[in-house]
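Student: Which chain is which? The protein sequence lines are E and Z, in order.
The first sequence begins at 2 in this note's numbering and counts up one residue at a time.
The second sequence begins at 1364 in this note's numbering and counts up one residue at a time.
Just so you know, the hints here were simulated from the structure itself, not pulled from any lab data.
We put the beta carbon where it would ideally sit given N, CA and C, even for glycine.
Do not take every clue at face value.
To spell it out: a stretch of chain Z is covered by chain E in this simulated footprint if at least three of its residues, at any positions, have a beta carbon under 8 Å from a beta carbon of chain E; those stretches are [what the hints assert, rightly or not]: (1) 1376-1390; (2) 1481-1487.
With a straight-line Cα cutoff of 30 Å, these simulated DSS-like cross-link-like pairs (lysine-lysine) come out [stated by the list, open to error]: (3) E:K75 with Z:K1387; (4) Z:K1387 with E:K79; (5) Z:K1379 with E:K79; (6) E:K115 with Z:K1384; (7) Z:K1379 with E:K72; (8) E:K74 with Z:K1384; (9) E:K94 with Z:K1588; (10) Z:K1384 with E:K94; (11) Z:K1463 with E:K94; (12) E:K115 with Z:K1387; (13) E:K74 with Z:K1379; (14) E:K72 with Z:K1387; (15) Z:K1588 with Z:K1606; (16) Z:K1384 with E:K75; (17) E:K94 with E:K172; (18) Z:K1379 with E:K75; (19) E:K158 with Z:K1384; (20) E:K172 with E:K250; (21) Z:K1387 with E:K158; (22) Z:K1384 with E:K72.
Every beta carbon over 10 Å from chain E, so not counted as near; a handful from chain Z, in silico [said to hold, decoys possible]: (23) L1366; (24) I1371; (25) D1534; (26) V1591; (27) L1596.
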Amino acid sequence: MIEIKNISKSFGDRKVLNDISFRFEEGKTNMIIGGSGSGKTTLLRCMIGLNDIDSGEVLFNGRNFHNLEFKAKKEIRKEIGMLFQGGALFDSKTVEENVVFPLSMFTDMNESEKRDRANFCLQRVNLENVNNLHPSEISGGMKKRVAIARAISVQPKYLFCDEPNSGLDPKTSIVIDNLIEEITEEYNITTIVITHDMNSVIEIGEHIMFIHNGQNWWQGSKEEILKTDNAEVCDFVYATKFMKNLKSKFQ
Amino acid sequence: MNLFFLNIGRYFILMKRVFSKPEKFSIFRNRIFEEINILGVGSLGIVAIISTFLGAVITIQSAFNFTNPITPAYAVGVTVRDSLILEFSPTIVSLILAGKIGSSIASEIGTMRVTEQVDALEIMGINSAGYLVLPKIIACVLFNPILIIFSMFLGVLGGYIFGVYTGIISDYKYIYGITYQFIPYNVVYALIKSAAFAFIIASVPAYHGYYTRGGALEVGRSSTKGVVYSSVLILTFDLILTKLLLF
Chain E
2 MIEIKNISKS FGDRKVLNDI SFRFEEGKTN MIIGGSGSGK TTLLRCMIGL NDIDSGEVLF
62 NGRNFHNLEF KAKKEIRKEI GMLFQGGALF DSKTVEENVV FPLSMFTDMN ESEKRDRANF
122 CLQRVNLENV NNLHPSEISG GMKKRVAIAR AISVQPKYLF CDEPNSGLDP KTSIVIDNLI
182 EEITEEYNIT TIVITHDMNS VIEIGEHIMF IHNGQNWWQG SKEEILKTDN AEVCDFVYAT
242 KFMKNLKSKF Q
Chain Z
1364 MNLFFLNIGR YFILMKRVFS KPEKFSIFRN RIFEEINILG VGSLGIVAII STFLGAVITI
1424 QSAFNFTNPI TPAYAVGVTV RDSLILEFSP TIVSLILAGK IGSSIASEIG TMRVTEQVDA
1484 LEIMGINSAG YLVLPKIIAC VLFNPILIIF SMFLGVLGGY IFGVYTGIIS DYKYIYGITY
1544 QFIPYNVVYA LIKSAAFAFI IASVPAYHGY YTRGGALEVG RSSTKGVVYS SVLILTFDLI
1604 LTKLLLF
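The shape of chain E in the complex, shown without the other chains (with noise of 0.2 Å):
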């Protein structure tokens, strides 16, 4: 289980988060929210050890990870899956070699099994015949795909997504939701979601965060944040044209 408590972090002058505490959901979709430079990236990238705290707490099962040994931390980040926002595949390997890479790593998987296992999650992912190009030479949307094949070739305990949507089309956006909703289902993984895009939220946010100014301004789940009459909420939910209509035709 992940729990983050009182989490304070400044740039400079800046205050970019102060004092926000959660409860991740165990085995679901948990998902932050909030406007552009709301502090939703340095919350996570702070959870995940690549930005330092200035106070507070991140629990993984207990765990404060700010305070453990280099060694600890690598163990609970052997048990971290991350999906980037441009994907951060190597760019000198294939995708083959991209999933098989963390399996090299950690694994003492002969080349066999390592093949076999990097084939079951491409084709997880509802991708086949790419094993041999490289990143730059498949779509954006492939390239997030693989990147989900990479983080779960290692079966981690918890799955990050930083803006799984960005850049993609609709369609896309949506088989990309629905792989992340299905991999948490399917292999019982603690999933926490970075968006601000609403449509991710109504198909797959189970526990949703909504950051503003820096502050867990409003939790709850994706029925709930339909209903709430919280102002800066509501301004986030309800900003595009057709989700105005939605909610007058609902109303």
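Since the structure of chain E is provided, determine the placement of chain Z on it from the hints.
Tutor: Chain Z alone, transformed into the frame defined by chain E:
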């Protein structure tokens, strides 16, 4: 001044992370061979061209300057040999390699940094500094002395071919000159220098690449900084090592 000490401190912190136990030895070994191939073997061509031309030019310039009839003709061979072994091959070739290899290392790691590939390594529980930088340092320190020996040989050969076939010096006098009072320690001195320069060529641009922040423009800046600082450090350590090893 603060920035200077900040950079020095961060460089040594990075080096501490670089020189830590690799996650998996078999992968680490393969990475070293990959880097030897890319950074070392890939530089053979440019080293060959530069060394051959350097040797030829030193031969012409020496012959042009030794107009005094008291100076023996074989002095051209002696000058070519000593210039190449003591300074041109270890230092000038290292400066050129700092441009070629240094920019490649800084831009590779810098691009990986800004495209979150370094973060991806960290999240997997891999020491990104050790994984990315250490094989490059080892490859350079192991292979650069070989490149320098190759450069010395081709420089002397270039001088021979150009000097003898253009009639500047006879082949007997040139060969006598390059063997005359040869001091093997000079080669040892050159190899020690080239190993030290190799460490600078790999580690300084890697440092600038590793701490790149921003986008494509910053990657370019890191690459330039890596080359400039490693070149300045090569010249500084050339002076220090020469004083320490020759006097």
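Student: Determine for every hint whether it applies to the structure shown.
Tutor: Status of the hints after comparison with the structure:
1. 1376-1390: With 3 residues in contact (Cβ-Cβ under 8 Å with chain E), the coverage given for the segment 1376-1390 of chain Z holds.
2. 1481-1487: holds (count 5)
3. E:K75 with Z:K1387: holds, 14 Å
4. Z:K1387 with E:K79: Answer holds: K1387 (chain Z) to K79 (chain E) is near 14 Å, not above 30 Å.
5. Z:K1379 with E:K79: It holds: about 22 Å lies between the C-alpha atoms, which stays within 30 Å.
6. E:K115 with Z:K1384: holds, 24 Å
7. Z:K1379 with E:K72: The given pair, whose Cα atoms are some 15 Å apart, holds under the 30 Å limit.
8. E:K74 with Z:K1384: Holds, because 16 Å separates the two Cα atoms, which is no more than 30 Å.
9. E:K94 with Z:K1588: holds, 27 Å
10. Z:K1384 with E:K94: Roughly 24 Å between the alpha carbons, so the hint for K1384 (chain Z) and K94 (chain E) holds.
11. Z:K1463 with E:K94: Within the cut-off at roughly 23 Å; holds.
12. E:K115 with Z:K1387: Holds - the C-alpha atoms of K1387 (chain Z) and K115 (chain E) are around 16 Å apart, at most 30 Å.
13. E:K74 with Z:K1379: holds, 18 Å
14. E:K72 with Z:K1387: holds, 15 Å
15. Z:K1588 with Z:K1606: Within the cut-off at roughly 27 Å; holds.
16. Z:K1384 with E:K75: holds, 13 Å
17. E:K94 with E:K172: holds, 28 Å
18. Z:K1379 with E:K75: Holds - the C-alpha atoms of K75 (chain E) and K1379 (chain Z) are around 17 Å apart, at most 30 Å.
19. E:K158 with Z:K1384: The hint holds at about 26 Å.
20. E:K172 with E:K250: holds, 24 Å
21. Z:K1387 with E:K158: holds, 23 Å
22. Z:K1384 with E:K72: Holds, at roughly 12 Å.
23. L1366: The claim stands: L1366 (chain Z) keeps its Cβ more than 10 Å from every Cβ of chain E (closest is about 16 Å).
24. I1371: The assertion about I1371 (chain Z) holds, with a minimum of 21 Å to chain E.
25. D1534: holds, 48 Å
26. V1591: Correct as stated: the minimum Cβ-Cβ distance to chain E is 26 Å, above 10 Å.
27. L1596: Per Cβ check, L1596 (chain Z) is outside 10 Å of chain E; nearest 28 Å; holds.
Every hint from the earlier list agrees with this structure, and none is contradicted.
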